Structures are given as C-alpha cells and as structure tokens.
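Which chain is which? The protein sequence lines are L and F, in order. Residue 0 is where the first sequence starts when you use numbering that gives the first Met the number 0, and the numbers rise one by one after that. Residue 0 is where the second sequence starts when you use numbering that gives the first Met the number 0, and the numbers rise one by one after that.
If you're looking for bench data, these hints aren't it; they were derived computationally from the structure. Remember, predicted model here, so these are calculated numbers, not experimental data. Possibly wrong hints are sitting among the right ones.
What the hints assert, rightly or not - Cut-off 20 Å, straight-line C-alpha distance, at most; resulting in silico cross-link-like pairs (SDA-like, lysine to any residue): (1) 177/F with 147/L; (2) 92/F with 55/F; (3) 233/L with 190/L; (4) 233/F with 180/F; (5) 177/F with 164/F; (6) 177/L with 148/L; (7) 177/F with 42/F; (8) 233/L with 180/F; (9) 162/F with 117/L; (10) 162/F with 190/L; (11) 233/L with 19/F; (12) 233/F with 30/L; (13) 221/F with 233/F; (14) 233/F with 113/L; (15) 222/F with 169/F; (16) 177/L with 147/F; (17) 162/F with 168/L; (18) 233/L with 209/L; (19) 233/F with 157/L; (20) 162/L with 161/F; (21) 162/F with 148/L; (22) 221/F with 150/F; (23) 177/F with 222/F; (24) 222/F with 212/F; (25) 162/L with 180/F; (26) 177/L with 150/F; (27) 233/F with 209/F; (28) 162/F with 180/F; (29) 233/F with 56/L; (30) 162/L with 162/F; (31) 162/L with 169/F; (32) 92/L with 30/L.
Said to hold, decoys possible - If you anchor each label on the Cβ, the simulated ranges turn out as follows: (33) 50/L with 120/F: 36 to 42 Å; (34) 214/F with 192/L: 38 to 44 Å; (35) 91/L with 63/F: 50 to 56 Å; (36) 121/F with 15/L: 38 to 44 Å; (37) 214/L with 217/F: 50 to 56 Å.
All residues carry an ideal CB built from backbone N, CA and C; glycine is no exception.
So you can see what is in the structure, the chains are spelled out below.
2 protein chains.
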Amino acid sequence: MTARLIAVGVGPGDPELLTLKGARLIREADVVVTPIGDRSETSIAHGIIQDLVDPARQQLLTQVYPMKKDPAEMEASWQASAREVAELVRAGKTVVFITIGDPLLYSTFLYLYRILRADYPDVVIELVPGISSIFAAAAAAGVPLGLAADRIAVLPATFEEEKLRQTLLDFDTVVLMKVHRVFDRVYALLLELGLEHQGVWVRRVGSREEEVVTDLASLVGKKLDYLSLLIVRKQSEAGGGVR
Amino acid sequence: MTARLIAVGVGPGDPELLTLKGARLIREADVVVTPIGDRSETSIAHGIIQDLVDPARQQLLTQVYPMKKDPAEMEASWQASAREVAELVRAGKTVVFITIGDPLLYSTFLYLYRILRADYPDVVIELVPGISSIFAAAAAAGVPLGLAADRIAVLPATFEEEKLRQTLLDFDTVVLMKVHRVFDRVYALLLELGLEHQGVWVRRVGSREEEVVTDLASLVGKKLDYLSLLIVRKQSEAGGGVR
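Could you build all of it, start to finish, from the sequences and the hints given here?
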C-alpha cells in the first residue's frame, strides 16, 4: 500500500452513514488524524470512528484547527498541521484524516489541502467522499432537494440580505448552512417572500439530539444549535415541497 | 422489523461508496427494487448491489421508469410502480428501492415518493442518503466545492443563458448536471466570462470509464457522455480552485 494522506468524509454523525470504503481505509490506516476545532464536531467525529480503530495497532492523533484567532495565527497553526501530516507520509505511513460530512464541502480539511498541494507536492493525497449533512437533513425531513430542472443553491450563514432575497427568488431549493447566527433575519425574509411555510430546520442530524422543525415561527428569538441548517423548498409542479 | 419502503442511495458507481447502513438494509431486505430507465444507470445500480443480494432468499424486482413518453403515460407508469411497491409493503415485506447517488437529488425515486405520500399514506417510508456524483466528481478532480463563505449552485442541463450567466457571476462554485446536451454553449459562456480554465468535466465517476478533463476546449464539438457533469470553481482567496 502506498504511503499517502487519505481524507475520509465520515458523514454527518450516524456511524452507519460512513461508506464501506471509508470504514476500510480507517481500519487499514497507520495513523488516524481527528481535527479539533469545535468541541461538538470533535465528539461526533470521534463517535463515528471509535469502534473502527485499534489504539494498540494504530496511532490516533488529534490536530487543533482554531477558528477564532487572528488570520496569521490560524495560518501558522494550519502550516504546522500540514507539516506534521507530510512528515508522517514521508516516513512511509498511511494517514487517514477524518472530516465530518464530506472533505470538499466546508471542511477543516480544505485548509490542510491547500497547504499540502502548494508546499508538499510529493505527498500523495486521496479523497474519499462522505455523506454531507445536507443530504442527511433532507432525508430526515423527507424533503426533496431537487428534481427534473430544479435549481439548488447552498449558502453559508453570512447574511447578505439582497443576495439572499435574489437567491430565494431564483432557486427552487435553498440550503442555508449554520443558520443559527442569522435565523431571525432569515425568517423575516421568508415571511416577506411568503415562504415561511416552505422551510424545514434540522439540527444535529443522525445524533440523539436530532430535531426536525417545520414550524419555523417557533424558532424565532431562540438560541439555536450551531450544527443546524435550513432547507427552503418551493412547491414544484412535480410535487415534493416541505410537508 | 417493520414492513416499509426504504429508499437507499447507493452512490455514484463504486460499490465501496455505498454506506454501511445502505449495505446492511439491502442485505436484510425481502425485496430489492431496481428502477430501469436509462440503460447505463441500471447497469451501474446492478453492479453496486449484485454482491450484496441473495436471489435464493430475496426477491429482485425491476421497475421501468420511462422518461421519453408523454406525461400521461409516464404518470400511469409511475402510478403502477407505486401500487406495486405499496402492495408489497402492505403484505408485510421490507422493500428496498435503490437509486444511483442520493434518493432526494434528481432521482427516479422522487416520482414514486410523491405518489406514495399522496395516495398510500399508510406505507412507511425510510430514506437513506447516498453519495451524490457531485461529491464523487469533486473528489476525483480534487476540486473543493466550497469553503468558508462560498456560495454553491447546482443546476440541471437546461440552458437558460441569462440565468446561467448570472449564476456564474454570483456563485463561487457552479455544478452543471448532465451537461452533455449543452456543453458547447456553456463553454462559449465560460469563455465570455473568462472562466474557461476554471472548470473541470467529469464523466462516469467511480467506474472504469471515469474521465476527468480540465482542458475544456478539447471537449467542444464532441458527443459527450450522458453521465457527466461540469464543476466551475472560481479561485478563492483561501485557495482551492481547479488545478
């Protein structure tokens, strides 16, 4: 087996939503790296892999990915993590880096990836997709993401009112990630556009704390979970809006 | 175990990209339904599940989902498929309906789902997400789908020039599904916007015929594979454009 870095998307939380390939590669790895940033995500990632790894045979490594310090500090921290991973691969190890969801969508891995490609081009990188929380949330809520000629937009939590209004007008499905920070303003916009009954909010999909809420008004003014998203789905002719 | 219909997303083609949950539910099912529409997708779906099912113990059913007839004929065909599935569940069977990719994104299952929810509300439906070809293609191409505050759009093959131009201007990543029908016009638009080196085309990801093309000019004028998509990714400050 070639020494390499393998980024494995471990899915949204339910250990059974890991792929067969991800599970195999985690079992076969010499080193399994878990990024630490937000405390909850770390425990989710740990919960997914804990039954697959063997601490007697495999090295379990945690790397800190701070998200609140200044840019230079963050960059230095990512640089150090990249160096650590690169040195393990150069020493002949097969290193699996796990990420919640998918490694190429809003993941910690992308910071490492950029540095490794730029500064350590000899390090072979394999990417293994994972189930994004978007798909798990749609499944939990029973809401189609799109069919036929539907257009879908995925947006982060930042609230740019005009852009968001236009996107809600132009797209059939709009997924708002980490919506907790801006929920009240988003809800006001949905009301204005007559879309307040077309949304479903999902938190911590696949965990014991999973919650699916279609009565969006009940969420206004509350402190919402960091790991939550909102799917706004217009009723299409082919059916399949929010229930 | 409750008799029910379980829609399982089996991923884009590689049998190892099935989830642990999907594999278990396919093995445990009384009946496994494979939808037939496009010939290639059917063989991909069959290839993914063939080692998991036991024809001596399980019923393997194919259902035809025609896509080219008139709407009334299509509707009648979907109605018949829904009735067949509902009757199996009502007879106490656990029925798995497999779909390439994810069941809630551009899948045949969504036609069945609409009818079952409207006309057979007693039939319990479970949804198991799968790896969409979008994520597998991004992994094959090594292209981030989005990080930090990036905005992502997923669009079908229909070519509405003004809408597509605006989407390419407004979003950081644009994924064009089943782009084979309109590729030349899309490429002309990318040229106009100076994005012709920011795209990557992927066909049949995860299969032996997988191909990743970044020299988009080389595809112009050619008859392209039906199972292909184009990811246009702008270079972001955080890095991570198309290589």
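### Message
Flag every earlier hint the structure violates by its number, smallest first.
### Response
Going through the list in order, the structure violates hints 4, 6, 8, 9, 10, 11, 12, 13, 15, 18, 22, 25, 27, 29, 36 and respects the others.
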